[in-house]
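Trainee: Protein chains in written order, with our numbering: chain C, 1 to 316; chain U, 1 to 316.
Hints are computed from structural coordinates only; laboratory data are not their basis.
Possibly wrong hints are sitting among the right ones.
You can't tell identical chains apart in this list, so a pair holds if it fits in one copy or across any two.
Listed next, the in silico DMTMM-like pairs over lysine to aspartate or glutamate satisfying Cα-Cα at most 20 angstroms (straight line) [said to hold, decoys possible]:
id: 1; residue 1: K151; residue 2: E258
id: 2; residue 1: K279; residue 2: D234
id: 3; residue 1: K151; residue 2: E79
id: 4; residue 1: K54; residue 2: D64
id: 5; residue 1: K175; residue 2: D288
id: 6; residue 1: K124; residue 2: E293
id: 7; residue 1: K3; residue 2: E25
There are 2 protein chains.
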Amino acid sequence: MSKLIFGIDVGGTTVKCGLFDYNGELLESFEIPTRTEDHGRNILPDIAQAIRNKLAEKGASVADLLGVGIGVPGPVVRESFVPRCVNLGWGGTDVAGDLSSLLDGTRVVVANDANAAAMGEYIKGGGKGYNSMMLFTLGTGVGGGIILDGKPLAGAHGTGGEIGHITVNPQETVKCVCGRRGCMEQYASATGLIRVTRLLLEEEDTPSLLRGEDVKLSARTIFDAAEQGDEIADRAIDRMCDALAQAMGTIASTIDPEAFCIGGGVARAGEILIDRIKKHYPKYTFGDPNAIEFVFAKLGNDAGMVGAANLILRDS
Amino acid sequence: MSKLIFGIDVGGTTVKCGLFDYNGELLESFEIPTRTEDHGRNILPDIAQAIRNKLAEKGASVADLLGVGIGVPGPVVRESFVPRCVNLGWGGTDVAGDLSSLLDGTRVVVANDANAAAMGEYIKGGGKGYNSMMLFTLGTGVGGGIILDGKPLAGAHGTGGEIGHITVNPQETVKCVCGRRGCMEQYASATGLIRVTRLLLEEEDTPSLLRGEDVKLSARTIFDAAEQGDEIADRAIDRMCDALAQAMGTIASTIDPEAFCIGGGVARAGEILIDRIKKHYPKYTFGDPNAIEFVFAKLGNDAGMVGAANLILRDS
Numbered sequence: 001m002s003k004l005i006f007g008i009d010v011g012g013t014t015v016k017c018g019l020f021d022y023n024g025e026l027l028e029s030f031e032i033p034t035r036t037e038d039h040g041r042n043i044l045p046d047i048a049q050a051i052r053n054k055l056a057e058k059g060a061s062v063a064d065l066l067g068v069g070i071g072v073p074g075p076v077v078r079e080s081f082v083p084r085c086v087n088l089g090w091g092g093t094d095v096a097g098d099l100s101s102l103l104d105g106t107r108v109v110v111a112n113d114a115n116a117a118a119m120g121e122y123i124k125g126g127g128k129g130y131n132s133m134m135l136f137t138l139g140t141g142v143g144g145g146i147i148l149d150g151k152p153l154a155g156a157h158g159t160g161g162e163i164g165h166i167t168v169n170p171q172e173t174v175k176c177v178c179g180r181r182g183c184m185e186q187y188a189s190a191t192g193l194i195r196v197t198r199l200l201l202e203e204e205d206t207p208s209l210l211r212g213e214d215v216k217l218s219a220r221t222i223f224d225a226a227e228q229g230d231e232i233a234d235r236a237i238d239r240m241c242d243a244l245a246q247a248m249g250t251i252a253s254t255i256d257p258e259a260f261c262i263g264g265g266v267a268r269a270g271e272i273l274i275d276r277i278k279k280h281y282p283k284y285t286f287g288d289p290n291a292i293e294f295v296f297a298k299l300g301n302d303a304g305m306v307g308a309a310n311l312i313l314r315d316s
Numbered sequence: 001m002s003k004l005i006f007g008i009d010v011g012g013t014t015v016k017c018g019l020f021d022y023n024g025e026l027l028e029s030f031e032i033p034t035r036t037e038d039h040g041r042n043i044l045p046d047i048a049q050a051i052r053n054k055l056a057e058k059g060a061s062v063a064d065l066l067g068v069g070i071g072v073p074g075p076v077v078r079e080s081f082v083p084r085c086v087n088l089g090w091g092g093t094d095v096a097g098d099l100s101s102l103l104d105g106t107r108v109v110v111a112n113d114a115n116a117a118a119m120g121e122y123i124k125g126g127g128k129g130y131n132s133m134m135l136f137t138l139g140t141g142v143g144g145g146i147i148l149d150g151k152p153l154a155g156a157h158g159t160g161g162e163i164g165h166i167t168v169n170p171q172e173t174v175k176c177v178c179g180r181r182g183c184m185e186q187y188a189s190a191t192g193l194i195r196v197t198r199l200l201l202e203e204e205d206t207p208s209l210l211r212g213e214d215v216k217l218s219a220r221t222i223f224d225a226a227e228q229g230d231e232i233a234d235r236a237i238d239r240m241c242d243a244l245a246q247a248m249g250t251i252a253s254t255i256d257p258e259a260f261c262i263g264g265g266v267a268r269a270g271e272i273l274i275d276r277i278k279k280h281y282p283k284y285t286f287g288d289p290n291a292i293e294f295v296f297a298k299l300g301n302d303a304g305m306v307g308a309a310n311l312i313l314r315d316s
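Isolated chain C (complex conformation) (with noise of 0.2 angstroms):
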């Protein structure tokens, strides 16, 4: 029997496994729960039950594992450590040693689940292609993933790519739920956009398909708006896309890729995003702001498994 490998995400409230065979493509998924009680102490070994459980249904065993590649929502050293992880009840965990322990010694390699996700559009998603990409994924929060040279940018202390709160406005009274001000996110994420959506309609007069008490203010209502020519919804879009404009510009004079991909529940809303993201890029770009190209993540949730399932096969 050729060789199988395990890509596995990690989230806060389930596990997606994906079964790979050696040329990466996926056989199955499926979904376990994340049982965070007791500082999430069960969720390797439920992990590792699943993980046996589907190869013994497979007639295979530990021993036809090529290894298992893992996302967690938290910050990764070394491929293999985890220091914390809030969403999982973790302190300090050598996830990559406790787990393969669990696996009779299998190689397990650890990624931060934004870096596995961008992993996964670079190797088979909208990053394909591109030699150096960095993913955007807006959705509640704003998250990110760099590859370089078909390799996570884990940084010094598994922060890598965390461009959520970079300082986007210095000059912003508000305080970001991070405790300070100006941050991306308060901009850039869903939130963000309910928030500068609704200041905007406090502060303004112009009417808006977005107010009256029985609309309900969410990133899809404020773009169908923003479609059908609301003033208030577009401003707030343009807000949002001029903010992820200026953290990419800052981002390709400090990595200079190839190409920025898009993806997270936000992304659904389409070419608009793309395209005022590029009106307001030359503005913050010292290059040719052509150099780079904008594409959209093709993976949605698949996208960690896809690419800790790649994290084995990369050095295969």
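Based on the hints, put chain U in the right spot on chain C.
Mentor: Frame of chain C; chain U shown alone:
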């Protein structure tokens, strides 16, 4: 005879040439003029001739070379090709190929000069002992070079680490020399420091040692005035360090290095620089502000030459 290496740092007026032994020790250094006339067509032949002359003087020949590392003041792709280099008069130039041909096929590795300087500080200077670091050079402008795991981050278009024009103040109304507004250089270079000081002197009546027709404003006179308690000088320096801290916070969120290394002429101001940067840095970083170290560069003008030589040694 054991192998020899040349580390070359090409500037707009002089070329610094260093002869190194196989252990990376500098045996001797000298300079030749940079002949930028005729689109800089003489620069590489002049360097090749200088190398041959020095080798002959030592009773050695091109056959004794392990390789030549060369830093140039422009973007460099694939450690060989320079798409353009305004300061030297070059259009697209295959620096590695051309210089290698002039030296009987000797191995030539090319880097951007700021990246070469960062490599030098990383190997033998202020960045020694760190696995990843970024050099900030504070001079007429602000330059930068990033080293990750022992390699310069050159970038897809050769502009990695070119952080002088990242936007730190989107509300700025004054134009930068680059045509955009709010670039770090408008506050944090020697030129920027003088600009901010001049603005404060014009806008306010605060008494200052820097007033008067016989006062020549320079980074040095401004730092000297601050040391004597001058309020205007102090505030201009504070603005400078605030801009640097903001840029560093953003860069730390992106590449998460172990250390920032500060060099360039302005770094001669000493501890006040790092003290002030540290004062502002926590406003701009999401992670632990104490996770990163701030150190001074040590090699001065030799950094580029030392780093260039180490582009050869690194792979040997």
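Trainee: A separate judgement is required for each hint: does it hold in the structure or not?
Mentor: Checked hints:
1. Within a single copy, K151 and E258 get their C-alpha atoms as close as 14 angstroms, and across copies as close as 18 angstroms, so both meet the 20 angstroms cut-off.
2. For a Cα distance limit of 20 angstroms, the shortest separation of K279 from D234 inside one copy, 14 angstroms, qualifies, whereas the shortest one across copies, 38 angstroms, does not.
3. In this homomeric assembly, K151 and E79 come within 20 angstroms of each other (Cα to Cα) both inside a single copy, at 11 angstroms, and across copies, at 19 angstroms.
4. Only within a single protomer do K54 and D64 lie at most 20 angstroms apart by alpha-carbon distance; the minimum there is 12 angstroms, versus 60 angstroms between protomers.
5. For the homomeric pair K175 and D288, the shortest alpha-carbon distance between copies (18 angstroms) is at most 20 angstroms, but the shortest distance inside one copy (34 angstroms) is not.
6. Taking the shortest alpha-carbon separations for K124 and E293, only the intra-copy value of 17 angstroms comes in at or below 20 angstroms, while the best inter-copy value is 37 angstroms.
7. When the C-alpha separation of K3 and E25 is checked against a cutoff of 20 angstroms, the pair qualifies only within one copy, where the shortest distance is 12 angstroms, while the shortest distance between copies is 48 angstroms.
Checked against the numbered hints above, the structure violates none of them.
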